[in-house]
Structures are given as C-alpha cells and as structure tokens.
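With the hints as constraints, model all of the structure from the sequences given.
Number of protein chains: 2
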Amino acid sequence: MPTALDALKSRLFDVNALNAAMAMLDWDQQTYMPKGGASARAEHSSLLARMAHEAFVSEETQRALEEAAKEAEPGTDEAAIVRNTQRNMKLRTKFPAELVARKSKLSAEGHEAWVTARANNDFQTFAPILAELFEITKEEANLLGYENHIYDALIDMYEEGATHAQCQAIFDEIRGPIVQLVKDIKESPNQPDDSFLYGEWPNDKQREFTEWLLKQIGFDLDRGRQDTAPHPFCTGWSVGDIRLTTRFKDYLPSALFGTLHEAGHGMYEQGSPMAWDRTPLAGGVSLGVHESQSRLWENIVGRSEAFITWMLPTLGSYFPALADTDPKTMYCATNKVEPSFIRVEADEVTYNLHVMVRFEVECAVLEGKLAVKDMPAYWNSKYEEYLGITPRTDSEGCLQDVHWSMGSIGYFPTYTMGNLLSYQFWNCLEKDLGDTDALIARGEFRPILEWLIQKIYRHGAKYPPQELVPMVTGKPMGAADYLARLSQKYRSVYGI
Amino acid sequence: MPTALDALKSRLFDVNALNAAMAMLDWDQQTYMPKGGASARAEHSSLLARMAHEAFVSEETQRALEEAAKEAEPGTDEAAIVRNTQRNMKLRTKFPAELVARKSKLSAEGHEAWVTARANNDFQTFAPILAELFEITKEEANLLGYENHIYDALIDMYEEGATHAQCQAIFDEIRGPIVQLVKDIKESPNQPDDSFLYGEWPNDKQREFTEWLLKQIGFDLDRGRQDTAPHPFCTGWSVGDIRLTTRFKDYLPSALFGTLHEAGHGMYEQGSPMAWDRTPLAGGVSLGVHESQSRLWENIVGRSEAFITWMLPTLGSYFPALADTDPKTMYCATNKVEPSFIRVEADEVTYNLHVMVRFEVECAVLEGKLAVKDMPAYWNSKYEEYLGITPRTDSEGCLQDVHWSMGSIGYFPTYTMGNLLSYQFWNCLEKDLGDTDALIARGEFRPILEWLIQKIYRHGAKYPPQELVPMVTGKPMGAADYLARLSQKYRSVYGI
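For the record, the sequence lines run as chains B and R. 131 is the number that the numbering used here gives to position 131 of the first sequence; each next residue is one higher, with no gaps. 466 is the number that the numbering used here gives to position 466 of the second sequence; each next residue is one higher, with no gaps.
What the hints contain is simulated information worked out from the structure, not anything from laboratory work. Just so you know, these numbers come straight off a predicted model, no measurement behind them. A hint or two may mislead.
[Said to hold, decoys possible] With a Cα cut of at most 30 Å, we get these calculated DSSO-like pairs of lysine-lysine:
id	chain 1	residue 1	chain 2	residue 2
1	B	Lys-373	B	Lys-105
2	R	Lys-103	B	Lys-9
3	B	Lys-35	R	Lys-35
4	R	Lys-249	B	Lys-215
5	R	Lys-455	R	Lys-215
6	B	Lys-205	R	Lys-90
7	B	Lys-205	R	Lys-215
8	B	Lys-215	B	Lys-9
9	R	Lys-183	R	Lys-489
10	B	Lys-105	R	Lys-9
11	B	Lys-249	R	Lys-205
12	B	Lys-35	R	Lys-205
13	B	Lys-215	R	Lys-205
14	R	Lys-455	R	Lys-475
15	B	Lys-249	R	Lys-215
16	R	Lys-215	B	Lys-35
17	R	Lys-455	B	Lys-35
18	R	Lys-369	R	Lys-94
19	R	Lys-138	R	Lys-369
20	B	Lys-9	R	Lys-35
21	R	Lys-138	R	Lys-90
22	R	Lys-9	B	Lys-94
23	R	Lys-70	R	Lys-103
24	R	Lys-9	B	Lys-205
25	B	Lys-9	B	Lys-455
26	R	Lys-105	B	Lys-9
27	R	Lys-90	B	Lys-215
28	R	Lys-35	B	Lys-205
29	R	Lys-70	R	Lys-94
30	R	Lys-431	R	Lys-369
[Stated by the list, open to error] Which bits of chain R does chain B cover? Going by a derived footprint, with three or more residues having C-beta under 8 Å, they are:
id	region
31	29-40
32	212-222
33	299-311
34	473-483
[Claimed, not checked] Just a sample of chain B residues kept apart from chain R, beta carbon distances all over 10 Å, derived:
id	residue
35	Thr-125
36	Gly-199
37	Asp-326
38	Asn-380
39	Glu-430
40	Arg-458
Ideal placement from N, C-alpha and C gives every residue a C-beta, glycine not left out.
Listed below in structure tokens is the structure:
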C-alpha cells in the first residue's frame, strides 16, 4: 500500500521534473541557444516556473507533506526529505504565483539586457530593469519576513540560518588582516611575472587539457560533461548528469582554474548517493558548502606547489610554450596577488574584498541608502577604498557579474563562507590523510576525493550546514583556519 | 476583458511550454547527454509527458475550447487554432489512461527487445512483443474509428485526411514505373563510380562546410543551430530557435545531404510568422508536407547539376582531395542509384520501394493476413520482388527501423507523400520563377526560399494538407509530377 511518504515523493518527482526542465533550458540558454531563441525561452521558463511553483505549493503536496511528517521516523532519510520540504514549503508559500512568474520573466529579460549593457559598457540602459529586480527582491524579503535586517530574509534562502549580522562579523574579522596582507604583498620586492601565461592558446588544446584535468581529479565524464559559457557555472538535473562550463581565454589559468572550480561543484553533486536521485536530498546542501568544494579544488589543491609541479609536464605537452617553465615560477605566477576589477578573475587573497564590496552595495540599495542609477559611483568608491583601484568602465565595474541580472540578490557572502570553509575542511582532511602534498605530487587524487565523498558529498542535502560543518570539523564555521593558512601561503610565495 | 480565446491560448501556452521542455530534453539526449543521464532523463520525460497530457485534456482546456469555438470568426487565425485544437483533442481523449499506460510500458519493453533482437539478428524473440504492439495499435484504431480500412484511422493521426485507399492508389501508380526505372538503370552501361566520396574527411571541415551551406541556402543561424547526432533530425521549440543535426561519416554526402535535408525541415519551421510563435499554428502542418520540404532541398535543389556545379569549388577548398573533381562526375556520383537494404541510406529512386514494402507488411498484419512471426519471409519476398535483392539477415531486413518497436505503426507512407509533393511544389515554383537552374548556378537561393515562404511556410499549420496542396499547386496531391521528373532526371544521369 502506498504510504504518505510515497505520495509526497511522487508529488516531489513532478516538481523535480519541472525543475530539471528549467535547469536544462537555462543551461542551453548559456551554452548553445541562438539569440533568436531568447524571447520564447523567457516565456517557457516563466510558465514552467509557475507550474513548478503551483505543483509544489498545491494542496495535494501540502497534505502529503503533513501526513508524511507524522509517518517519518526521526533520523531517517525520509525525515530529512520532510524537513527539507517543510523549509522549502515555508519559503515558497510566502510567494504568490504571480510574483514568481513576474520574477522569472523579468530575470530572463534582465539577462539579455545585461549581456547587451555589458557589451556596450552602458549601465544606464540596464539600470531600470536592475532597479525592478531589486524592488522584486524587497517584495520577497518582506513576504518572507525578518527580525533584524532585510538581508536576513534573503541570505537564509541560500545559506540556511545565515544572517546579516554573521556576514558583517565575518567581514569585520577578515577585512583588517586581508587589507594588510594585500598591502604587505604589494610592498614585497618579490613580484612574480605572469606575462608568460598570456598568449594565443588554441581553444581545442584548452578543451583537451581541461578534460584531461577533469579525468585526473575524478570528475566522472560518464555522468557529466563540460561545455563553454561566457560566465562559467555548474548545473545538473540528476546525480548521473552534471554539467560544467568553462571558458577559453588568452590568459591560460582562466580555463585551468575555472575548470577545477566548476569540477569541485560538480564532484560534490556527483557524490550524492544514486538512491537519492531526483529527491530533495541529492546535491549540495547550501551555496556556502558548495563554494567550499569549488574553492578547495581550485585553490587548495589546484594552486598548490605540488599540483602545479605535477601538472606542468603534461601542460607543457599541450602548450609547447610552457614546456620549459620552472615549477616554482609557474607556482608563483599562478598565485600572483594583484588588486584587479573582475571578481571571477581575482586572486585568492583579494577575492573576498570583491565580495565585501558587493555585499555593501547590495545592503546600501536594500536599505534605501543608494539608488540603482547611482550604483556605479558608489561601487567604484568601494574599490578605491578596499583594493586601491578604480574601475575604468562599468563593464569591469558593477556590470561584471551575471547574478543580479537574473534576480539573484543577497547571496554573495556565501562565496566568502565557501573560502572560509574550504580551509576549515582541508585542515581536517590533512589531519586524516597526512602528507597531502605527496599524494598530489603523484597525481593521486582519489584518497582526497574519497575523504570528501565520505565526510561531505554522500550526505547531500541531508544535514543543514550548521549541523554538517561541526559534524565534519568539530566546530562551527569560522575564519581562523582560512586567515592562518592564507597568510602562511602568501607570505611564503612573496617571501615576506 | 479576456476572451474565451485568450483563455484557450493561455491553456495552450502551458501545454506548449511542457512540450518545448520535452523537445529540448529529447534534443539533448540525442546530442550531448552523457550516458549516466539516461535513467533520470527517461523519468523526467515521462513525467512531463503525463503533465502535458493532463494539462491538454483537462476540463479547463476543454471548456475553454468549447467557448472559443463559439467566439472564433470563420477564416481567422483564431478559428484555425480552434480547429487544430479540436482535432488534437479528439485524438487525445479517445484513448483511456489505462491503454496509454499499457502502450507506454509495452513500447519501452519493445524498444529494449528490438535493440537486443537486432544486435543478435534474432527476430523471433522480438516477434511476440511486436505482435502485442500490433494488437494495441488495432485497439487504438478501433477507438479512433474508421469507415473503410483500419489503416485510415492510423495514418490520419500523422497526415490529416489521408486514407488507406489513397496510399494504395499512390503505390499502385508508382510501383510499375519505379521498378522499371530501377531495372533500366541497373542495365545501363553508365554506372557512376562514387568511391572517391569515401575518405577521411576531417569532422571540423565537415562542420564548417555544412554551416557554410546552411548560410548559403538561407537557414537562419541566428534563429537556430546545427549539432551532430547519430540519427540526424530537426526539432525546435520556437520559430526563433530551430535545431538541426547532421552526422560526419567517411561517406561525405552523408553530411552534405543530411544537412540539406534537415535544413529543409528547419526552414519550413523558421518560415512561420513570429506572431504565431508557441501557438498550434506555428510549424509544419503534417509529416507529408514537412517531408516535401526536406526532400525538396535535399534532392531537387541539392542533387541538381546546377547545385553540384555551384558548390564544388567551395567544397574543394574545404576538402582538397575534391578540388579537381569534374562537376558532371560529382553530379552522377551523388545521384548513384543502387538497390540496397537500408531505407535511410537509400537513393532517391529506390527510396519509395522501401516505404512500399513496409506499408504492405503493415497492412497485411493489420488485416490479419500475415502473422507477425511470419513477417521475415514476407518482408524478404517483397524486397526480392521490388528491389531484386534479398536481405541476408533480419537485422538488415524487417528489424532495421526503430519505429515499430516504439509502437509507431501506420505513418511510413508520409515519406512517399513527401517525395511526391516535393516535385509537385517544385513544378509550380519553376513556373513562377523561370530558370531555377540559373538561380542555383549563381547561388541565388533567396527567390526559391521566398517563394516557399510565401506559398507554404508562412501558412504554418493553418490549413490542413488537403486545402494547402490545391491552394499552392491547383490540384490535389498526385504522383504525376514526381514520376515524370524522376524518370527525366535519372534517364539523363544514366544515359538511358
């Protein structure tokens, strides 16, 4: 006899199918869609979003959820599905279908408008639609409700339990040491030259080499693939089908570390138990934990001296200009720290300063202290303050990222949380595995991936981040591991 | 105030969004999906198909349709939407859910059994399930109802208004002349050598050249794209986003004419008025008319001496081995006629004989004159009779095509209708445009495409084929144009 849980799962499978379809429509939009497809795509996505919303918040699903909640034994996967669905139901039932459809349509249009605005360095044509997106976000926050700060309502959607005060505390803790570290680095006499990393690197070689990298570190290409997109991302619709994107530029590390970054997201997704496929337990638990995995593979593994030394001979065989490069030179060049304009191309040290700027800009607009049309000047002044540089154009300033254009506002601090967590997890991994540099130097990534699967990936979205992080590391998320190792690494690279 | 028609359109937009999503899932499955994605893809597609069916046959849609029918002015686009939806509703509501589920299950099992049977050349393990599929098809035909022949109910689903008698008449008319033409060709002393078309043609060159071809003939790459798939097809989800696929093999014409074929389908789809996007009026009207366009561009344009002569210099610049090929040699080689076993690889002359065999086999089984288990012998005797060759195995005989195994029985004659119509349309086009060979020889395809847009494409699915064909050609579909021009062309190629 079908149980209440079966009934709930069956409803959730319908919602999952609609979400999967939307994810694929979005993947296609960013990878292969011809421009003529944009207007119908916006309509299709909006209608599917409305249907997914309606199916999820429907009376049948709500009734099934109530019944299943009585039936599920505490501690079981079923109880986790119920908990997860209850949280999601709370978030979703606060938004009327009309608002969901309006936002979806506006986001699709916003994306197209942003592409044009960035290409033309023309913020003001994008400003009205961005202002609308901020207004719709405020509507959402007000519907969700919050106690202390409007940001609390937003960031909780992406990182369960996170608050404006917590973000503020993190930035307050890291701001001083990082600004100081950047300053010390700037004054060091040992400035690496990375000009040799710029060149005409054939796209097909970049494709082949990054696919080789994926295989080496353990991203399963039978259960995923890599394509290219202007703004790399990772998505998926099944534990067996995870899609990465990267991009090929004249600055070679863009593809190398972009691939490692998205592969970190992808391996996390691939690490969920297949039995959870299409349920709410499959996939990562939060953006912060997700980002910890992309940053771990990109920075802690990928930008280590051991990894660079291991990778270099093969890299040289794909790109003969690098065949004679000394590993130490390569290591220092790929860890060059220099204040720059584009977050996704920022080095590991300055990265969080970019996040901090965006957090402060978002808060200023949400608090009503800043009009969207005045954003560029405000944005630029923050860059001057924290990074000591001023964007020359809005395209390399506040137009740089895709997220706002798609209505994603209020989650940037999860990037910084990811950076913190990557080192917090890594310190535990190192304690268990011992000499990780030796493993990496031999290209033995399996023990590292296996540790992450056992400790983190196989739990999917079962435990909320505030449970998962102490379960793995014995303590709540903090900045100490991150600050210590960052300082240690970069003071060594720069001999300071 | 929203009208009943608005209400109907709104319901149909929902169904359209679900169908668009399914089309994209299917496109991805055949182009890019990693193998690990298969099981979730099957579930997602099946759930979306159920949702689309439920949304279409829902009480709300049926009520909106009834109201809209009262409101729509005869002759308007709205009336055509109503008519189209009424027909579709009739087809969709005749089958009880139990039968739909039973067929879906049987088709999935059938497909699996067919894959194994074909791989093992073992028809008899597939026969019982194929017999069941024929039985379920008979059930469907009985539910749909028919006056004269069970086939009437089936083919009407694919080609509105087509009947068994009509198919029979067509095949009776073309059987003799084509069998005679094949015989005469076989006895001709002038047998073209096409061995030079086999070679190692680099995939990237095949991609670049076929994309160049697409641009020349007028397929709009801003509103579509071309990828590769094992079995080429054309699909789409918007007038602004039509997807073609082709394949790159060691037999170069496979890509060239495959691309032209799918582009014919694609340009027909792109030619619908943008104002009809996402409505039932956008896109082609029937399988037969659709096939007329793919065959027109593939065979009448693409395999003409003028086209080959025009294309050859550019082809030679992409494939140096062909740089010195004589146009006449190329023309004859790409029009080589030779009886063979596999329909999808057949030349233009023998192609309809393959279709005829399948039609006769289907009818014999549906009429109860042939038991499924005895099909191979019957099939082989027909190949002997019409093509003068006997399949050596059932895998290259009655097991060759996927369609039956998935329960698609009763639409093969639309391929032949497409061939007939392609020449019937072309004769009218030629009457209006004059010397089409001169246009083609100069690479001026725009007048040809424009004529097709004005006469056929811009009407989308507004007029049923029995109205459209006389509207364009002044007479109902017939075989005369086809037979005359086929004979003329191939007697000239073979000097007979």
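Between Lys-35 (chain B) and Lys-35 (chain R), does the CA-CA distance stay at or below 30 Å? holds, 29 Å
Measure nothing beyond the straight line between the CA atoms of Lys-9 (chain R) and Lys-94 (chain B); if it is 30 Å or shorter, mark the hint as holding. With a Cα-Cα distance of about 29 Å, the restraint between Lys-9 (chain R) and Lys-94 (chain B) holds, given a limit of 30 Å.
Hey, Lys-249 (chain R) versus Lys-215 (chain B), does the alpha-carbon distance stay inside 30 Å? Judged against 30 Å, a Cα distance of about 28 Å means the pair holds.
Just want to verify: Arg-458 (chain B) was marked as not at the interface with chain R; is every Cβ pair farther apart than 10 Å? Correct as stated: the minimum Cβ-Cβ distance to chain R is 17 Å, above 10 Å.
Hint check: Lys-249 (chain B) vs Lys-215 (chain R), CA-CA at most 30 Å. Holds or violated? Roughly 28 Å between the alpha carbons, so the hint for Lys-249 (chain B) and Lys-215 (chain R) holds.
Pair hint Lys-9 (chain B) and Lys-455 (chain B), alpha-carbon separation not exceeding 30 Å: holds, 26 Å
Please check whether the beta-carbon of Asp-326 (chain B) is more than 10 Å away from every beta-carbon in chain R. holds, 35 Å
Hinted pair Lys-373 (chain B) and Lys-105 (chain B), Cα distance within 30 Å: holds, 22 Å
With a C-beta cutoff of 8 Å, work out whether three or more residues of the region 473-483 of chain R approach chain B closely enough for the coverage to hold. violated (count 0)
Please work out if Lys-70 (chain R) and Lys-103 (chain R) have their alpha carbons no farther apart than 30 Å. violated, 35 Å
Given pair status - Lys-205 (chain R), Lys-35 (chain B), alpha carbons within 30 Å: The given pair, whose Cα atoms are some 24 Å apart, holds under the 30 Å limit.
Check the hint pairing Lys-455 (chain R) with Lys-475 (chain R) against an upper bound of 30 Å on the C-alpha distance. holds, 14 Å
In this structure, the hints that do not hold are numbers 6, 8, 23, 24, 27, 30, 33, 34, in rising order.
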